[in-house]
Amino acid sequence: MVPPGVRPGGSDTIHTHGAKTRLDQFLQHCLNALMLGGTYALLGIGLTLIFGIMRVVNFTHGELYAFGAYCMYALVVPVGMNFFLALLLAMVLGALLGAVIEMLLLGRLRGADIDTTMLVMIGAWIAMQNTEQLIWSGVALTVPNPFPSAPLVVGPLSVSWLRIFVLFTAVGLIFAAYTVVNRTKLGKAMRATFQDRDTAALMGVRIDRMHTATFALGSGLAAASGALLGPVFVVNPTMGDLAAAKAFAIVILGGLGNIAGATIGGFILAFAEELGAGYVSSGYRDAMGFVLIIIILLVKPTGLFAQRERIG
Amino acid sequence: MLKHGSAQVLAAAVFMAIAAPASAQETIKIGVTQPLTGAFAASGNYVTQGAKIAEDEINKAGGVLGKKLQLVVEDNKSNPTEAVSTAEKLITKDKVPVMLGAWSSTLTLAVMPKLEEHGVPMLVETSSSGKITTSGNPFIFRISPTSEMEARAFEPLVKQLGIKKADFLATNNDFGLGASQEFTKMLKAAGVTIGATELMDPKAVDFSAQLAKIKASGGDTVFVTTAVEQITLILRQAKEQQLTARIITTGGSNSPDQLIQQAGSAADESFHLVFFTPWFPEAVKNPALAVSFVKEWNARGYQAGGLTEGFRGWDGITTIVEAIKAAGKAEPAAIQKALWDVKVKGINGDIAFIKQGPAGKESAQNVPSVYLIKIANGKVTRM
Amino acid sequence: MMKYFPQAFLGLLVSVPFWLTDSYMLHILITTGIFIIAAMSLNLLLGYTGQLSLGHVAFFGIGAYGSALTSLGFEITLPGGIPLGVSPKPVWFAMLVGIVAAGFTGWAIGKLAFRVRGAYFVIVSISFAEVVRLVAVNWVELTQGPMALNNIPVLRLGWGSAEVAFLRKPAFYWLVLAVGTVCYIIISRLVSSRAGRAMIALRENEPLAMSVGVDVTRYLVLATIVSAAMAGSAGALYTHYIRIVDPDIFLFVYTVTMVIMVVTGGKGTLAGPIVGGVIFGLIPELLRTMAIKPEVQWIIYGVVMVLVVYFLPMGIVPALRNWRGGQQASSTAAASGPQMEGAGK
Numbered sequence: 001m002v003p004p005g006v007r008p009g010g011s012d013t014i015h016t017h018g019a020k021t022r023l024d025q026f027l028q029h030c031l032n033a034l035m036l037g038g039t040y041a042l043l044g045i046g047l048t049l050i051f052g053i054m055r056v057v058n059f060t061h062g063e064l065y066a067f068g069a070y071c072m073y074a075l076v077v078p079v080g081m082n083f084f085l086a087l088l089l090a091m092v093l094g095a096l097l098g099a100v101i102e103m104l105l106l107g108r109l110r111g112a113d114i115d116t117t118m119l120v121m122i123g124a125w126i127a128m129q130n131t132e133q134l135i136w137s138g139v140a141l142t143v144p145n146p147f148p149s150a151p152l153v154v155g156p157l158s159v160s161w162l163r164i165f166v167l168f169t170a171v172g173l174i175f176a177a178y179t180v181v182n183r184t185k186l187g188k189a190m191r192a193t194f195q196d197r198d199t200a201a202l203m204g205v206r207i208d209r210m211h212t213a214t215f216a217l218g219s220g221l222a223a224a225s226g227a228l229l230g231p232v233f234v235v236n237p238t239m240g241d242l243a244a245a246k247a248f249a250i251v252i253l254g255g256l257g258n259i260a261g262a263t264i265g266g267f268i269l270a271f272a273e274e275l276g277a278g279y280v281s282s283g284y285r286d287a288m289g290f291v292l293i294i295i296i297l298l299v300k301p302t303g304l305f306a307q308r309e310r311i312g
Numbered sequence: 001m002l003k004h005g006s007a008q009v010l011a012a013a014v015f016m017a018i019a020a021p022a023s024a025q026e027t028i029k030i031g032v033t034q035p036l037t038g039a040f041a042a043s044g045n046y047v048t049q050g051a052k053i054a055e056d057e058i059n060k061a062g063g064v065l066g067k068k069l070q071l072v073v074e075d076n077k078s079n080p081t082e083a084v085s086t087a088e089k090l091i092t093k094d095k096v097p098v099m100l101g102a103w104s105s106t107l108t109l110a111v112m113p114k115l116e117e118h119g120v121p122m123l124v125e126t127s128s129s130g131k132i133t134t135s136g137n138p139f140i141f142r143i144s145p146t147s148e149m150e151a152r153a154f155e156p157l158v159k160q161l162g163i164k165k166a167d168f169l170a171t172n173n174d175f176g177l178g179a180s181q182e183f184t185k186m187l188k189a190a191g192v193t194i195g196a197t198e199l200m201d202p203k204a205v206d207f208s209a210q211l212a213k214i215k216a217s218g219g220d221t222v223f224v225t226t227a228v229e230q231i232t233l234i235l236r237q238a239k240e241q242q243l244t245a246r247i248i249t250t251g252g253s254n255s256p257d258q259l260i261q262q263a264g265s266a267a268d269e270s271f272h273l274v275f276f277t278p279w280f281p282e283a284v285k286n287p288a289l290a291v292s293f294v295k296e297w298n299a300r301g302y303q304a305g306g307l308t309e310g311f312r313g314w315d316g317i318t319t320i321v322e323a324i325k326a327a328g329k330a331e332p333a334a335i336q337k338a339l340w341d342v343k344v345k346g347i348n349g350d351i352a353f354i355k356q357g358p359a360g361k362e363s364a365q366n367v368p369s370v371y372l373i374k375i376a377n378g379k380v381t382r383m
Numbered sequence: 001m002m003k004y005f006p007q008a009f010l011g012l013l014v015s016v017p018f019w020l021t022d023s024y025m026l027h028i029l030i031t032t033g034i035f036i037i038a039a040m041s042l043n044l045l046l047g048y049t050g051q052l053s054l055g056h057v058a059f060f061g062i063g064a065y066g067s068a069l070t071s072l073g074f075e076i077t078l079p080g081g082i083p084l085g086v087s088p089k090p091v092w093f094a095m096l097v098g099i100v101a102a103g104f105t106g107w108a109i110g111k112l113a114f115r116v117r118g119a120y121f122v123i124v125s126i127s128f129a130e131v132v133r134l135v136a137v138n139w140v141e142l143t144q145g146p147m148a149l150n151n152i153p154v155l156r157l158g159w160g161s162a163e164v165a166f167l168r169k170p171a172f173y174w175l176v177l178a179v180g181t182v183c184y185i186i187i188s189r190l191v192s193s194r195a196g197r198a199m200i201a202l203r204e205n206e207p208l209a210m211s212v213g214v215d216v217t218r219y220l221v222l223a224t225i226v227s228a229a230m231a232g233s234a235g236a237l238y239t240h241y242i243r244i245v246d247p248d249i250f251l252f253v254y255t256v257t258m259v260i261m262v263v264t265g266g267k268g269t270l271a272g273p274i275v276g277g278v279i280f281g282l283i284p285e286l287l288r289t290m291a292i293k294p295e296v297q298w299i300i301y302g303v304v305m306v307l308v309v310y311f312l313p314m315g316i317v318p319a320l321r322n323w324r325g326g327q328q329a330s331s332t333a334a335a336s337g338p339q340m341e342g343a344g345k
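Residue numbers (our numbering), protein chains in the order written: chain F, 1 to 312; chain S, 1 to 383; chain A, 1 to 345.
Hints were generated in silico from the structure; no laboratory data involved.
Don't take each hint at face value.
Under the rule of at most 27 Å between Cα atoms (straight-line distance), these lysine-lysine pairs were calculated in the DSSO-like manner [what the hints assert, rightly or not]:
(1) S/95 to A/293
(2) F/300 to A/111
(3) S/325 to S/355
(4) S/345 to S/329
(5) S/52 to A/293
(6) S/203 to A/293
(7) S/93 to S/325
(8) S/165 to F/20
(9) A/89 to S/361
(10) S/337 to S/67
(11) S/343 to S/68
(12) S/93 to A/293
(13) A/293 to S/60
(14) S/285 to S/295
(15) A/293 to S/68
(16) F/20 to S/164
Negatives, chain F to chain A, calculated, CB over 10 Å [said to hold, decoys possible]:
(17) 185
(18) 267
(19) 271
Where a beta carbon is used, it is the ideal one built from N, C-alpha and C, also for glycine.
Only chain F is shown next, with the shape it has when bound in the complex (with noise of 0.2 Å):
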């Protein structure tokens, strides 16, 4: 039982200090909110890929997120590459190993149900996670960065050069990504290929290929993610399993399949959980998300912005 003085999350403090600390408090609340909000979109976008176009539970997301950490590590720590070369190649073998997973384990289940995909999602999860524990033990590992360790100071307010980096890096990503999607002819076919595979077919679009590509390419983000949060976090074996739980979450409020909502929805969930837990109680911090998801399900099943009916 809690003894009488402790509140978890309380604070009878705020009242003793003036207006000048509480306004302080609230626009570093609202800075971190900002800088949380781009790497939960990067986490997002990824998923919202697979998961709103290919129809597949992707649940290896957060392996793929891990695996971008590792390599990073890997590539910067015992190899001593170079920080941001390291980046750019985590990126991409992610992607590689996105795309073995889709040929090798997704390739034989085209047109399976959601449930019998998302089995071997499952284990694939299971089996990649005590990989990384396998080769890496769990005990938790730092990325070094080549940014000043001093934060950048604003008046009152305060924020790590590594996290200025993260938040305009993830935002370019998104970009990129938004603009293959929407703006190429392998966006276009990716799009035609699940919204009617034999038209698609028939207008010849390789359709093995596109699902091919289009895992690759979220795979790609997810490692992205992981490479640029492993420096800021720590890496350890199970960080994936936040951060799906996060990426779902994301997803849901932006609408399956729709990047613009998912890069909108992460920053909601950040703004959420940072002045939940500022204002409301820290212990119902990881919380926020989920309420918030089934307060927008029951009032708009959809999500915030899906484009499209994507029911049934």
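Chains S and A: place on chain F using the hints.
Relative to chain F, chains S and A alone:
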């Protein structure tokens, strides 16, 4: 689907599983249940490594009661149901007369009814929840400190450090909540104002919201209770947010070596309550033991950051073996009785048990040593 | 001959404690049995109505917490300062409370969640379980949060000298078997009734079922209530067997275990969850006896899952049925296979 050959292999495996020989009493077994996979895998493996060092040393010195000591290690997968299964297997299948386990308080609590059902004692090496020794289970022998003991040991330091107002950042489980409750009680009694008590999910990696709130609260000290991975991140993020309050971590799962290595300069000027000080083995009660343990640990190429967990396994096995020697036989009831009277020189300090919990069904609790250390300029310094 | 197979199999199961002296194996059979009951309840939703509920562990956990709290008693203060206290109740009554609580939650969730389908339903169900878990973690006054409810009492039935305490393993094994048998009978009656045919109809083709007048939501909610109550009964059994309950009971891995059991055994078949449950309940034990690293055990487990889906996509029971059908009437074997469920949806 199965080829003929593989079917035979499978059949052989099943047969062996069923007909596993209850090997004759050439060895004395100790059951170990630890989280080797899942969320607590890193810590569970360290404790097991420490236990194995003790096993090898004891066997090199001739074993126990003229027999070879054998640890039967089972993975409880960081999951309470699996913890119960491992206890059931160790006790009924491997017929171990005594156990070591089960790392987290939840895992230990899950195993406890099984100990009562089969009458087998268990030595608890890490769990901190008060409930373990107060719920009337006479088969529990705990060598790790409860949160309350840790808070009491810290009390003299409140004045010395000049703590006026404290905030808490704790992981949202028995470990973190227990510590924040006990330290709150102790600090209030010592006249310290309590500011914010912030919680975090054990898996969370971003604490910016909690830290912003703690910064606004304006205390001079933040007590942090969680495992080393989260502490690393908290130290880094506190620096990013320019939190100036002094950070003190509790609970002993804080591995200062790992913090220095992974948090870098962000770890400077932080304080840590630990139960073993491998940096200056001479500071502990039994320096010779500590020195040789650190030497053996490093010789095996284990992670230096794991020392502060690994010693628990060594102390646990050493204590159990002393009890088996005193009992003169490897039987549960005799070991249980003997454990009450053991006086063991451990790495943490001298191990002996006092009674806790309801009369007639008391559990045993050791009063361990607690040390406060400080990280300064990338080095661990004594307080 | 196959007509009496269920009865003969039940007879075999009843006899197990008489010849199985290995107490550890009996323990494995009990925990496996509890998860088979949960898997059977999931099968009603997943296999018969075609709704993939990945939050099923919430019902299991609510049954466990409901039963544990009623048998231990609790005192809480509701918002507005209203005190609410429950004194400790007998365990059989507590278990009923747990089952009813789970069933009621099933009703509420069914009403809300079936406004969405497919992938959205999957996410709503995961979110629901996660919210319930976080409430169990944070509502410390009621659930003791992560400090866990322990010392949960053992089930006792009868009076005075005729009292049976379900502390010994054989007694508990038979209790699990009895509850499992009742659940099996309820499910088999339900799916062959009018309501059950309506459920299957809407699994196969929802718009068509609606057009011929099937009240979709009503049948889905009915299925959810029955399914949730059964999962709750498994949770209540679990809590009085393991005798500790903490928020880890809502772990996603338990849902995964249930889904694996149903899908590998054969969803939408009565025997499927039992076959899948026996296999995936025993595989970890078989792996444990081989002296290999725990991580490798998990990797094998994951690979076996993938292989089962690969080679037996409909599940083991339908595959066996096909194979037997093929042997009996080899000339018409090709036509007799059931359609892959939900394919092309």
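Do the hints match the structure? See the list:
1. A hinted pair counts as satisfied when its Cα atoms are at most 27 Å apart, and residue 95 of chain S with residue 293 of chain A qualifies at roughly 22 Å.
2. Taking the CA atoms of residue 300 of chain F and residue 111 of chain A, the gap is about 15 Å. The hint holds against a cut of 27 Å.
3. Straight-line distance between C-alpha atoms of residue 325 of chain S and residue 355 of chain S comes to about 22 Å, which keeps the hinted pair within the 27 Å bound.
4. Between residue 345 of chain S and residue 329 of chain S, the direct Cα distance comes to roughly 21 Å. Compliance with the 27 Å bound is thereby established for this hinted pair.
5. Between residue 52 of chain S and residue 293 of chain A the alpha-carbon distance is near 16 Å, which keeps this suggested pair within the 27 Å criterion.
6. With a C-alpha separation of about 24 Å, the suggested pairing of residue 203 of chain S with residue 293 of chain A holds against the 27 Å cut-off.
7. A hinted pair counts as satisfied when its Cα atoms are at most 27 Å apart, and residue 93 of chain S with residue 325 of chain S qualifies at roughly 23 Å.
8. Between residue 165 of chain S and residue 20 of chain F, the direct Cα distance comes to roughly 20 Å. Compliance with the 27 Å bound is thereby established for this hinted pair.
9. The suggested pairing of residue 89 of chain A with residue 361 of chain S holds, with an alpha-carbon distance near 24 Å, which does not exceed 27 Å.
10. Using a Cα cut-off of 27 Å, the hinted pair residue 337 of chain S and residue 67 of chain S holds, with the two alpha carbons roughly 21 Å apart.
11. For the given pair, residue 343 of chain S sits about 22 Å from residue 68 of chain S by alpha-carbon distance, which is consistent with the 27 Å threshold.
12. Our distance criterion of 27 Å between C-alpha atoms is met by residue 93 of chain S and residue 293 of chain A, whose separation comes to about 19 Å.
13. Restraint check for residue 293 of chain A and residue 60 of chain S: satisfied, since their Cα atoms lie roughly 25 Å apart, inside the 27 Å limit.
14. For a cut-off of 27 Å, the pair hint linking residue 285 of chain S to residue 295 of chain S stands: about 17 Å separates their Cα positions.
15. For the hint pairing residue 293 of chain A with residue 68 of chain S, the CA-to-CA distance comes to about 23 Å; that is within 27 Å, so the pair holds.
16. Restraint check for residue 20 of chain F and residue 164 of chain S: satisfied, since their Cα atoms lie roughly 23 Å apart, inside the 27 Å limit.
17. The Cβ of residue 185 of chain F sits about 27 Å from the closest Cβ of chain A, beyond the 10 Å cut-off, so the non-interface label holds.
18. Residue 267 of chain F, annotated as away from the interface, keeps every beta carbon of chain A farther than 10 Å; the closest lies near 19 Å.
19. Distance check on residue 271 of chain F: its Cβ is at least 18 Å (rounded) from any Cβ of chain A, clearing the 10 Å threshold; non-interface status holds.
Hint compliance for this structure: no hint is broken.
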